[in-house]
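2 protein chains.
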Amino acid sequence: MFEQLGLIGCGLMGGSFALALKRAGLVKRIVGYSKSPSTTERARQMGVIDVEAPSALLAVSGADIVLLAVPVSATEASFKAIRHLLTPNTLVMDVGSTKRDVVDAARRVLRDHVGCFVPAHPITGKEVSGVEHADVNLYAGKQVILTPIERTFTVQLQKAVDVWTALGCHVVKMSPQSHDAAYAAVSHLPHLIAFAMINGIAGQDHGKEYMSLAGPGFRDFTRIAASDPKMWRDILVANREELLDQSRIFQKTLQSLENLITSGDGDALESLIEQASETRANWRIASQKSHK
Amino acid sequence: MFEQLGLIGCGLMGGSFALALKRAGLVKRIVGYSKSPSTTERARQMGVIDVEAPSALLAVSGADIVLLAVPVSATEASFKAIRHLLTPNTLVMDVGSTKRDVVDAARRVLRDHVGCFVPAHPITGKEVSGVEHADVNLYAGKQVILTPIERTFTVQLQKAVDVWTALGCHVVKMSPQSHDAAYAAVSHLPHLIAFAMINGIAGQDHGKEYMSLAGPGFRDFTRIAASDPKMWRDILVANREELLDQSRIFQKTLQSLENLITSGDGDALESLIEQASETRANWRIASQKSHK
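From first to last, the protein sequence lines stand for chains A and B.
1 is the number of the first residue of the first sequence in UniProt numbering; add one for each residue after it.
1 is the number of the first residue of the second sequence in UniProt numbering; add one for each residue after it.
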């Protein structure tokens with residue numbers, strides 16, 4: 001049981017965490033701060049936070065658990081704003097979609113206090129953002145990746161595991177490097193492709209007409225293209241090396257398929273599609289798999 | 001009201017059409033044929049068809065409405081198999097995802113009877129195939145594209161519009177060329193990309209592990225990769241020119257995004273993502289839009 005959650009960033013991710021932590025009975029008081037005062041006010045009016053803080057530092061004052069829920073490029077500035085009030089007993093976590101850059105920022109800024117920071121990436125989200133979409137069930141049944149480093153305090157790591165588990169999450173631990181390589185493949189590249197797909201169609205003379213004809217396949221394929229621009233700008237830049245590596249692999253695979261289409265080699269083409277189709281048909285999202 | 005539906009292909013699309021036509025009270029008798037006798041038998045046992053035909057020709061014998069629901073590459077052979085029993089009063093339709101190749105086959109094979117063929121493409125489907133997934137509601141609320149040619153009989157075109165409308169569909173008419181250009185962009189390319197994405201990840205050393213970490217974004221983005229290999233082999237080859245044109249546009253757009261990522265130009269990158277995000281957020285699937 002925590003005394004106080006200091007919430008830096010009262011948007012979709014932060015707001016949902018606050019609601020879930022409160023419902024689980026894990027915290028007495030939530031003090032929130034957002035860059036935009038109207039967001040913080042909204043969060044308090046909605047009951048997502050109990051108290052509005054006028055600065056990140058004041059949100060952390062008295063907190064024994066801190067969540068940074070800001071775009072990854074704002075992580076370093078947030079660490080700087082709060083470091084003076086961190087103690088070895090504070091559990092600090094983030095929810096960023098990239099982990100190497102966040103860990104680097106933590107090392108640079110937190111220094112001796114880096115051990116109380118447990119980097120976290122919950123595999124959830126919505127294609128809408130903002131505290132008005134905060135959802136007490138956003139994390140339930142989802143995976144959360146923790147990427148501790150060698151200097152992470154074991155006590156804080158264990159607390160982090162316990163908190164996410166209490167919220168109904170399936171916790172997976174891995175290195176920041178492995179995390180960024182994996183999510184470049186299964187999340188960052190799909191987003192980049194979805195953005196490119198939409199802009200590629202919208203930029204054509206008949207683009208609007210084409211899109212008016214699109215069906216359920218297009219709807220699901222492009223859903224993630226509606227994601228938050230600032231957040232995704234940061235992710236794509238922060239993880240650019242792994243992302244561009246994955247994009248090269250994808251483009252090579254695309255090229256092999258196109259070569260078979262051009263040459264009209266139906267058998268070989270069918271066999272590659274069959275591989276993809278079987279692989280995808282046998283895949284299950286981890287949260288569903290682990291449901292009892 | 002039709003006397004007899006001659007159903008060539010008793011799979012997901014054909015079986016669902018039979019169920020919907022029967023429920024709407026639009027047909028007295030359904031005679032079905034599938035290449036595999038066990039499929040035809042299954043369809044009869046499930047009540048999807050009333051009578052099993054041992055050949056496509058016999059399914060058409062006595063039919064005043066015929067639906068070809070076969071992979072597009074089998075369209076020409078199906079036309080050949082049935083042409084001797086077609087009369088100017090028979091309404092013949094298909095459900096193929098490409099239309100120029102189907103229309104070309106119809107011209108070549110049906111000749112003087114080409115007027116009774118109304119090319120149709122219902123914008124629906126599932127990532128599973130087979131008569132066991134036939135669904136009486138598969139077409140309800142969906143778009144159906146009709147691509148009549150200059151020699152299509154107006155009476156058959158009107159009958160086709162009436163049938164699909166009675167099944168709850170929103171009917172759109174366009175040329176086979178416009179159809180193929182539009183669906184290359186909003187359906188065929190997304191499928192090709194989804195196949196490439198899955199094979200690209202699965203072919204990597206840590207591919208399985210990466211996929212086990214994937215979340216809801218990946219799930220929706222790759223759903224169409226589980227589609228039927230034979231069907232999609234045919235579509236991709238049949239519409240290869242439009243498809244490869246669309247792929248070039250996509251790859252160019254992808255390259256512009258990657259250039260901004262490489263150069264770290266966050267503002268320009270954010271602005272392109274914002275374009276995509278707004279376009280996608282404002283898009284609505286036609287069937288939902290037209291719901292009263």
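Just so you know, these hints were derived from the structure itself, not from any lab.
All of these numbers come straight from a predicted model, not from anything done at the bench.
Glycine included, every Cβ here is placed at the ideal spot set by N, Cα and C.
Misleading hints may appear alongside valid ones.
To be verified - Subject to a maximum C-alpha distance of 25 Å in a straight line, what follows is the list of computed DMTMM-like cross-link-like pairs (lysine to aspartate or glutamate): (1) K230(A) with D265(B); (2) K252(A) with D267(A); (3) K22(B) with E41(B); (4) K35(B) with E258(A); (5) K230(A) with E274(B); (6) K252(B) with D267(A).
As the list claims (entries may be wrong) - Okay, the calculated bits of chain A under chain B, using three or more residues with CB under 8 Å as the criterion: (7) 31-44; (8) 65-71; (9) 78-85; (10) 138-149; (11) 202-213; (12) 260-270.
Do the hints match the structure? See the list:
Using a Cα cut-off of 25 Å, the hinted pair K230(A) and D265(B) holds, with the two alpha carbons roughly 13 Å apart. A distance of roughly 20 Å separates the Cα atoms of K252(A) and D267(A); the hinted pair therefore holds under the 25 Å criterion. For the proposed pair K22(B) and E41(B), the alpha carbon gap of about 18 Å is at most 25 Å, so the pair holds. This hinted pair does not check out: K35(B) and E258(A) have alpha carbons roughly 29 Å apart, beyond 25 Å.
For the suggested pair K230(A) and E274(B), the alpha carbons sit about 8 Å apart, so the restraint of at most 25 Å is met. Pair hint K252(B) plus D267(A) does not hold up; C-alpha atoms about 29 Å apart against a cutoff of 25 Å. For a cut-off of 8 Å, the count of residues in the segment 31-44 of chain A with a CB near a CB of chain B stands at 0, and the three-residue condition is violated. Coverage of the segment 65-71 of chain A by chain B is violated. Counting CB-CB distances below 8 Å, 0 residues qualify, and the rule asks for three or more.
Given a C-beta distance limit of less than 8 Å, the hint that chain B covers the segment 78-85 of chain A is violated, as 0 residues qualify and 3 are needed. Counting residues of the segment 138-149 of chain A whose beta carbon lies closer than 8 Å to any beta carbon of chain B gives 3, which meets the minimum of three for the stated coverage. Proximity of the segment 202-213 of chain A to chain B, defined as three or more residues with a beta carbon under 8 Å from a beta carbon of that chain, is established by the 10 residues found. Closer than 8 Å: that is the beta-carbon criterion, and the segment 260-270 of chain A has 6 residues meeting it against chain B, so the requirement of 3 holds.
The structure fails to meet hints 4, 6, 7, 8, 9 from the earlier list, while all remaining hints are met.
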